[in-house]
Each structure stands twice: as structure tokens, then as C-alpha cells.
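Residue-level listing of the chains:
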Amino acid sequence: MILFLQQTVTGICVGLAYAMIAMGLILLLRAAGVMNFAQGNLMALGAYFAYLFLGKLHLNPAIAVILAILSLIAVGIVFCCVCFFPFKRTKWPQAMLICTIGAGTVISECCLCFITTETKSVDPIVAGSLHLGSFIIPYQYFFIFGVTALMMVGLWLLFDKAYCGRVMSAAAQNKYAADLLGIPTNLTTMLTFCIVVLMVGTAGWLLAPVYRVSNSLSIFQARAFAALIIGGFGSLPGAIVGGIAVGLIESYSTYFTTTYKDVVVFGALLLVLAVRPQGILGSKVKKDKA
Amino acid sequence: MKKLIALVLALTMVLALAACGNSSSAPAATTAAPQGSTTATEGSTEVATATQNLKIVYCGTSLSTDNGKRLSQLADVFEKEVNDAGGINGKQVEMVVIDGGNDQQSYINALLKALEEEDVSAIIGTFFSQYALACADYVNDAKIPVFNIATNFEMREKSDYYFTNRCVDTAFSNVMAQVALDNGSKNPVAVVYNTSNGKNDSQFMKTYLENNGAQMADIIEFDNTSTTDYTPIVQKAINVAGSDGILLHATANTDGQSIIALLKQYNYQYPIISNSNLFADQFIKNCGAENCIGLLGFSEYPTPEVRPQVQEFTDKLLANELFTFEDVSWIDASFYDDCNLILEAAKLAGNNDKDSVFAGLSQISGYEGVMTSYTFHSDGSFADYIYLATIEADASSELGAAIKVTEPLKVEH
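Note that the protein sequences, when read in sequence, are chains A and B.
If you're matching positions, the first sequence starts at 1 in this note's numbering and goes up one per residue.
If you're matching positions, the second sequence starts at 1001 in this note's numbering and goes up one per residue.
Hints listed in this document are in silico derivations from the structure and should not be mistaken for laboratory results.
Heads up, some of the hints might be wrong.
Said to hold, decoys possible - 25 Å max Cα-Cα, derived BS3-like pairs, lysine-lysine:
#	chain 1	residue 1	chain 2	residue 2
1	A	K56	B	K1285
2	B	K1285	B	K1404
3	A	K56	B	K1069
Treat the numbers as computed from the prediction; the structure is a model and nothing was measured.
So here's chain A without its partners, still in its complex pose (with noise of 0.2 Å):
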């Protein structure tokens, strides 16, 4: 039983940080109409900021925590720059995902080369676990939970309430009508871009204290994929449902294998496209659109 509850709650937390990897993903699939195959390296760019700014230039950590919101709001502004303006008017759409899997490739390898080859660790924001009995959780991933909802309700906020959001979401959905009413539709789509690397890169420095700061964390992005199709493909509640239960499957399949657990993730993934090809959420957000 403690056994089980344990799984529960860290796969719900790792669950979540599938879930900000799947909603950036669908976020930059609306505004620039593109599929980011370098979410992952993006994610893992936050950890190595977190390990960079505290690890090794030992800053205090509030300067830290800025310094790495304004680094990944300049890695926004510049992916945004080379991975969507040359091809926004090209006839073959597919270049631009292929740019962004050349782009995780250098932010990976930027990574390797100026920040650090091997793996490191990163001290957690809070040290130590909550015990209560035999039941034992780090502490670290209550902040996961708590920053990856916050940060869930400041987009929801964002996009449905903030007329910023909503300016936003219109260029997604019709850049030519956006362009005719005055929005500036290039501006919001690299802020698009800025919030969603920030967004990734803020799940990357969370989970840095557990996963360890090191490139195999870039492997996250499968797992989104999944959550993405799992929860409903281009639904903002379906990624989270999503994640939340490629997470939980995850942590669960250690009764069965601790091995080929990507196995279970991914036969879940073919059985929900089975049977239910929309996802857990398609169908509902398709009316809800409508």
C-alpha cells in the first residue's frame, strides 16, 4: 500500500511536467503551426541553467532564478528566429520541424560544450522528505506539483481571460484576419515561443534535484508525445489528463517490469489509439470549439 501511494504521487508529479512538455507542445503547434522536436533539449537547457547559475557560478539564488528566466527568454526570442521566420512562408512546412530537430541537436550539444559533459546534480529547493510512517515523499516534488499547477492556471489565465492571451490566440487561429486588425502577429508569435521555453525550461530546473542534470533528459519529450495522444491531440486539458496519466502508468508499470517500462507507456499509447483514436478529451474539445 505505502508502496503504491508513493508511485501515486511521484508519478502525478512527473506526470505534470509531461504535461507543461505536452501543453508547449500544442501551444507552438497553434501559434506557429509547427511540431517542436526540441521541447525536450529545451527542458533539459533548464536543468543545465539550474546547475549552471547555482552548481557552478554559485549565485544566490534568487539572481539565479532570474538570470535564468531572462536566458530562457532570449533562447525563446532566438529559437523563435531561427526555427520560424525563415520558414514561415515556405512551401514545404515539414523544413521547420526538421529545423527544430537541428535546434535540439546544438542546444544539446551547447549544453555539452559549455556548460558541463557529465552528469551533475542540483541542490533541491527545499532538502529533505516528508515522513509520515513508512510513507516517505521529497520535498522537492510537492514544489514540482505546486509551481506546474501554477504555472497550468497562469496559462489558463493567460489565454482566456488576458486580453494579451486572447490576442494571442487569435493570431494562432487566423494570422491573415490577425494581420488585418492591426495585431502584430509576428510579436506574438515569439512570445508564444518565449512563454513556452520558459515554461519547459522552468519543469527542466524542477526536476533538475531529482532527475539529475544531464541530456537523458530530453527523453521526456517521447513520453509528451504520448501524453499528447493519450489526453486528445491539441487539447490544453487533454495534455494534462494526458500526462498526468502517462505519469501514473509509468510509475505503476514498476510491478510488472522495472526494465522495458517505456514498453507499457507506449503499448498504452497504441491501445488508447485503438480504441479511442480522438484521446481521453478529443471528442469534448472538439464540441467545445465548435
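Model the placement of chain B on the given structure of chain A, informed by the hints.
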């Protein structure tokens, strides 16, 4: 026009035949060489003059990483040191470094390139047993001695040309199991990576425990190439009913660091015994001292108190301008010992070609290296000793913890 084409074709044929003639004459000279070396090996009193340089190729895994850079520099250090002292068998030492990338196919490509180099005496290969196993047939065909840093006992079964200066994993497993027993762990859980290396080790440990009246509570495998989240694995390990310890076989990378840190976060109270990969200063630095304190196991790299050669090597290397790093690790010592074992083999055989080095390696006995003394063993390994070790808090160390080597253990091969 036809006449011109015919002329060109004829000329091409002549040149091709001439080229073939040249290339066939080259091996003839090389073939003659081992005959001379055989005489030297058979006890000729004449001072042997080798027919070629001692050419060692290092197929560096991930030359872009710190370890790759360290060993590239060490290759230069070794080359200069030997050549300044007059070379070996009247010839020079020649070190060649080829980037072996960071995946299996890149390593295979690098090794093939190394095997195709002219007059290679020996090769220093990979950290990864699976890479070595994948290349065994090529090595058998080329008949060039290859020193791997990996320790899987199957490597030797695949090729007589595979060597390691360390001892093979069967010996490691028995030591780990014995450490568990000595620390009161009679029902430990094995947490191992799922390569043949890890699988073999867990079985050897299980057998050893059973032969000594204990048992293995469970064997939990993980894939260290695709797993990022080790939390469920650690949760499962600490919740195995009746277990009283963990035997961890991991690398010093994400898997080892994550598991050790998570065990600390989950306040694991029983003995944690790990393989030698984790007994390195670099591991303590990367993983965090507080996570490593209390770790039990063994080290292959002794402290200067136990083995003065370590201090001599450290001082010598740090003073060398070709070596730009600020510390010395076991990987440096291991590589340096590999080079010296090849050098010693050439010295014993009296020649520098691959056949002589191969023959010389089997004659090595009691050679004093940096990490330990070395003797050729039929399992292809050389280490005579490993060292029981713990990681303890140490305020005087800038890491906050230090590896304490308690006693040398004679390795049973």
C-alpha cells in the same frame, strides 16, 4: 580515339599491377620482423632492435567529454615520457587517438579505423562491455591486442585478444556480496543495469550469497540508457519485504547518482554496497557528498597511504605541462597502466609488433603499476588487488567526503 582509350586502359593496368607489387612487398618485410622477435623472446642475449615503433591507438569514447580530453592528454604525456627515455626496443612510442564518439556504432567505426592503421601494436578500447562484445570478431580477424576499460568476463570468451588491467566482474560481484554479509545484510536486493554485465553480476552475487547461507531478496533491473526517472525503481527496492540491504551495480552517471541520491532522500537505513564505479572523487563531486557518505564497497584506485605509487603518479602528472587538468582520477591511472602494460609486453618480447606485444602480455607477472600490481591471468585480466573501501565524511576534503580504503584484497581469478 579507341587507340587512346586502349592506351589509357593499358597504362592503368600497368600502374595497378605496380601498386599491387609494392603493397605485397610491404607485408613481406613485416612478416620477416616477428621471426627476429621470436629469437629475442627465446632468450637471445643480443639487444633487440624492433622493426617498428610501438604504435598504440586509443579509440577514445566521447573525446569531447572531460574523460576523453584527459586521456588524449595522457597519451601525449606517455608518448613523450617514453621517447625522452630512449623509446622501447630501439624505437619510438607512437600514440594515435581516434574519436570513438558516444554510441556503439561510432565506437565500432573508430575501432575499425584503428584496426586499419598501419603497424598497430595494440589498441586501448572502450569503457563499455557491450561495445567491446560487438567488436570481438573484428579484433579476432586483426589479431591485435585490445585493452578495454570494461570488465565483462564475456569479452575474453569472445576474443583472446581482449585484455583489461582491472579484474573481471565475477571477482567484483563476489567481493560485493561478501561486503554485504560482513555488514549484516543477509537478504539484500540487487539493483543492477540490464546489460549482460549487470545481469551476470546479479547472478554471481546471488550464487555467492546462497553458498554462504544467505539469499537475494530480489533482483531489480533497470535500463540505464533510457531511464530518466529512477524514483519508482528505488521505491520498489526499498519496499521489498524482509530485505536488509542493497547491492547496487550502476555507472557513475545518471543511474548511479539518481539511485544513491534517492536512497538518501528516502532515508534508507540498511547498508548500500556498490561497485567500484561509484568510488571515485568525481562521483562524490557530481552526486553530492551528503548523498555518498556511508556507501560501502571496493575501489580499484587506492589512496596514497595504501599505495605510494598513486601519490608519485599524481605529482608527476600535475607537474607535466601537457596535462592541463587540476586533479588526477582513477581513469588517468588506469589508462597510464594500460599503456605501461603494453610497453612492458613489448619489452619482454623484444619487439614492438602486435604479435610480440600479444606474446609479451602473457609473460607479465608482478608488474608494479599505479593502481595495483599486475599479473597476466587466463581471464584476460591483470589486476592482482582491489581495495575494500567506504565513503566517509571528511571536513578536511573540499568535497566534504572522502574515499577511505581499508585493506587490499587479493583478487581470485
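Hints versus structure:
no. : hint              : result
1   : A:K56 x B:K1285   : 12 Å, holds
2   : B:K1285 x B:K1404 : 15 Å, holds
3   : A:K56 x B:K1069   : 20 Å, holds
In terms of the numbered hints stated before, the structure departs from none.
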